[in-house]
Amino acid sequence: MRSSSWLWKVVGLTSLVCLLVMLLGFGWALKDTWMPKEGLALPEASAPEKASAGDISSKKELYVTALGDSLTKGTGDSTGEGYVSRAIDGLSKRMDKPVYLVNNMAISGLRADQLVAKLDEKGFVNAIAKADIVLLTIGGNDLFQVAQNGGSLVEGGDLSPEAMKERLPEVETRLKEVLAKIRKTNPNARIVYVGLYNAFFDLQDMRETVSDTVAEWNAFAYRLALADGNAKVIPTYDLFEFDLKKYLSSDHFHPNAQGYERISDRIVEALQ
Amino acid sequence: MVNLLALIRNETTKVWKKKRFAVVVLILLILIPIFVYAQMKIAQNSADKFNEDWRSELQSRITDNTNALSSNRIPEEWKQWRKALVQQLQYYLDHDINPQTPNAVTFTRTFMDNAVSLFIPLMVLAIASDLVSSERSTGTIKMLLTRPVRRWRILFSKLATLTLYVSLILVVTVLLCYAISGLVFGYAGWGEPVFVGFHIRGADVDTANVHAITQGVYLLMQSGLIWFSAMVVAIIALMVSVLVRSTAASFVTMMATIIAGTILANMASSWKSAKYLFNVNLELSGYLRGTPPPIEGMSLGFSLAVLGIWAAAALIVSFTVFTKQDILN
Chain D
1 MRSSSWLWKV VGLTSLVCLL VMLLGFGWAL KDTWMPKEGL ALPEASAPEK
51 ASAGDISSKK ELYVTALGDS LTKGTGDSTG EGYVSRAIDG LSKRMDKPVY
101 LVNNMAISGL RADQLVAKLD EKGFVNAIAK ADIVLLTIGG NDLFQVAQNG
151 GSLVEGGDLS PEAMKERLPE VETRLKEVLA KIRKTNPNAR IVYVGLYNAF
201 FDLQDMRETV SDTVAEWNAF AYRLALADGN AKVIPTYDLF EFDLKKYLSS
251 DHFHPNAQGY ERISDRIVEA LQ
Chain S
273 MVNLLALIRN ETTKVWKKKR FAVVVLILLI LIPIFVYAQM KIAQNSADKF
323 NEDWRSELQS RITDNTNALS SNRIPEEWKQ WRKALVQQLQ YYLDHDINPQ
373 TPNAVTFTRT FMDNAVSLFI PLMVLAIASD LVSSERSTGT IKMLLTRPVR
423 RWRILFSKLA TLTLYVSLIL VVTVLLCYAI SGLVFGYAGW GEPVFVGFHI
473 RGADVDTANV HAITQGVYLL MQSGLIWFSA MVVAIIALMV SVLVRSTAAS
523 FVTMMATIIA GTILANMASS WKSAKYLFNV NLELSGYLRG TPPPIEGMSL
573 GFSLAVLGIW AAAALIVSFT VFTKQDILN
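For the record, the sequence lines run as chains D and S.
Note that the working numbering has the first sequence beginning at 1, numbered continuously upward.
Note that the working numbering has the second sequence beginning at 273, numbered continuously upward.
Don't take every hint at face value.
Each computed PhoX-like pair below joins lysine-lysine, with the alpha-carbon atoms no more than 20 angstroms apart [what the hints assert, rightly or not]:
no.: 1; chain 1: D; residue 1: K60; chain 2: D; residue 2: K118
no.: 2; chain 1: S; residue 1: K321; chain 2: D; residue 2: K60
no.: 3; chain 1: S; residue 1: K290; chain 2: D; residue 2: K9
no.: 4; chain 1: D; residue 1: K60; chain 2: D; residue 2: K122
no.: 5; chain 1: D; residue 1: K97; chain 2: S; residue 2: K321
no.: 6; chain 1: D; residue 1: K50; chain 2: D; residue 2: K122
no.: 7; chain 1: S; residue 1: K289; chain 2: D; residue 2: K9
no.: 8; chain 1: S; residue 1: K321; chain 2: D; residue 2: K50
no.: 9; chain 1: D; residue 1: K181; chain 2: D; residue 2: K232
no.: 10; chain 1: D; residue 1: K122; chain 2: S; residue 2: K355
no.: 11; chain 1: S; residue 1: K286; chain 2: D; residue 2: K118
no.: 12; chain 1: D; residue 1: K9; chain 2: S; residue 2: K291
no.: 13; chain 1: D; residue 1: K97; chain 2: D; residue 2: K37
no.: 14; chain 1: S; residue 1: K286; chain 2: D; residue 2: K9
no.: 15; chain 1: D; residue 1: K50; chain 2: D; residue 2: K176
no.: 16; chain 1: D; residue 1: K93; chain 2: S; residue 2: K596
Bear in mind the hints are in silico, worked out from the structure with no lab data behind them.
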């Protein structure tokens, strides 16, 4: 009986204290939910990292940030790598130094005007500021968006080459804004814009008109890159033209694994 | 009064000597290290991927969830859940706060959040389920009821004992979790800020009332809420234990109900009236965290009311049946 009395005292008292603590927590939770007070002052966070100035070839390690639409995300690549990780692996091998991906912030279906808005978000600002190289694809969804239903081609709409041509000047100003914002966030990064290609080259009635618009677009992007001084446009239109089936995925719009491989090869060539 | 205290003392030592609580602690001692190990692997993996830059990791989560939103195959309610999550994560990023600092307190609060729907109820049931029915199956109920003590006092003492043990289980779970995960993640983290006060309106998150509290306070409030839902489970289990003769039957009944609740919570968004069932309302700590409730229209007040009514009804049934029923064999 002695041991049981001792046991009761310990267990009883301990669990009573526990009960009181739990009741306190419960009451506090109710009070905080229904009558919230001023929260505590936030501590000063360590500043996000910034890329150092200097040339790509002279740095010990490189940081890459990727943004844009489904092409950058790697849609259509059965290996899931896309051109971004391939280009990073390739660069790392060629330049013989570690190349890190800060983040791939590509979002499927993103349009240039949406990207302009996103570039103000803190996550984008942090990642771009940290990068030595910014990989970018944008504009495809703006241009190839179908006039009638607003959905993208992949969703099965009809493309009107005339509407596409009409839209070109407006989308060009958006691209200009995108590049200007990236440059403002990071004055030193090498911006790499991956150009557009004509995914409808095999359709006779589309070939000329669409290719024409795509060429005009790529030329505009090149002029922007020239004006910037530290930006590059990677041409892709010639990669796919006569081998659409071989290098495009089954949705007939995005590249497949081999297609992405070819894009990434070009990026590595252009950057090393 | 002395009489009642003696009864509670009797019940408490009885549960202890039946080693019910020891089983609970043993389960915790086996399971927590497993979860700690798994969490450690995840942490290592993401540290490799993101070079220990939490901002990149957070942005990556935001991007992933945003990308998932564009998929047509995802059900609408999951999209709402993701939309709310994206806005919350964005809020953390905008305020330069890491929502998942790697330390023992973060691990404990994540563990408790995940434990509220199944794990904690299971451990509560280990004690609650046979509180009355075991007296029946072993025949000791006759001894108990032939004593010159009023029957409601006996049941009340069992209820009080249950309350004590539920509190003990919760505190011990938190402490063990903290002690074991601290070996790997370090014992710091009590003062790290956490945001509370997100209000979910459909797919939008209202951040007007959002304020920061320390992680320690968060853990206390969270445990308090989990304690409440654990108490409701315990009270309903007590009722089942009064109504059902065998311990196994009462345990299985309760466990099935709890599991049904977690399944319903995942798929019941189209069956709106399911929100009046107690088992879809158990995840009280989700309101603190600001995750969208399983069914639209649920709030902390609503869930507390539903749980309270269920518990009150269970108490009325238990006491009426226990004081009136005949003991036949």
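Non-conforming hints, listed in increasing numerical order: Result: hints 1, 4, 11, 13, 15, 16 break, sorted rising.
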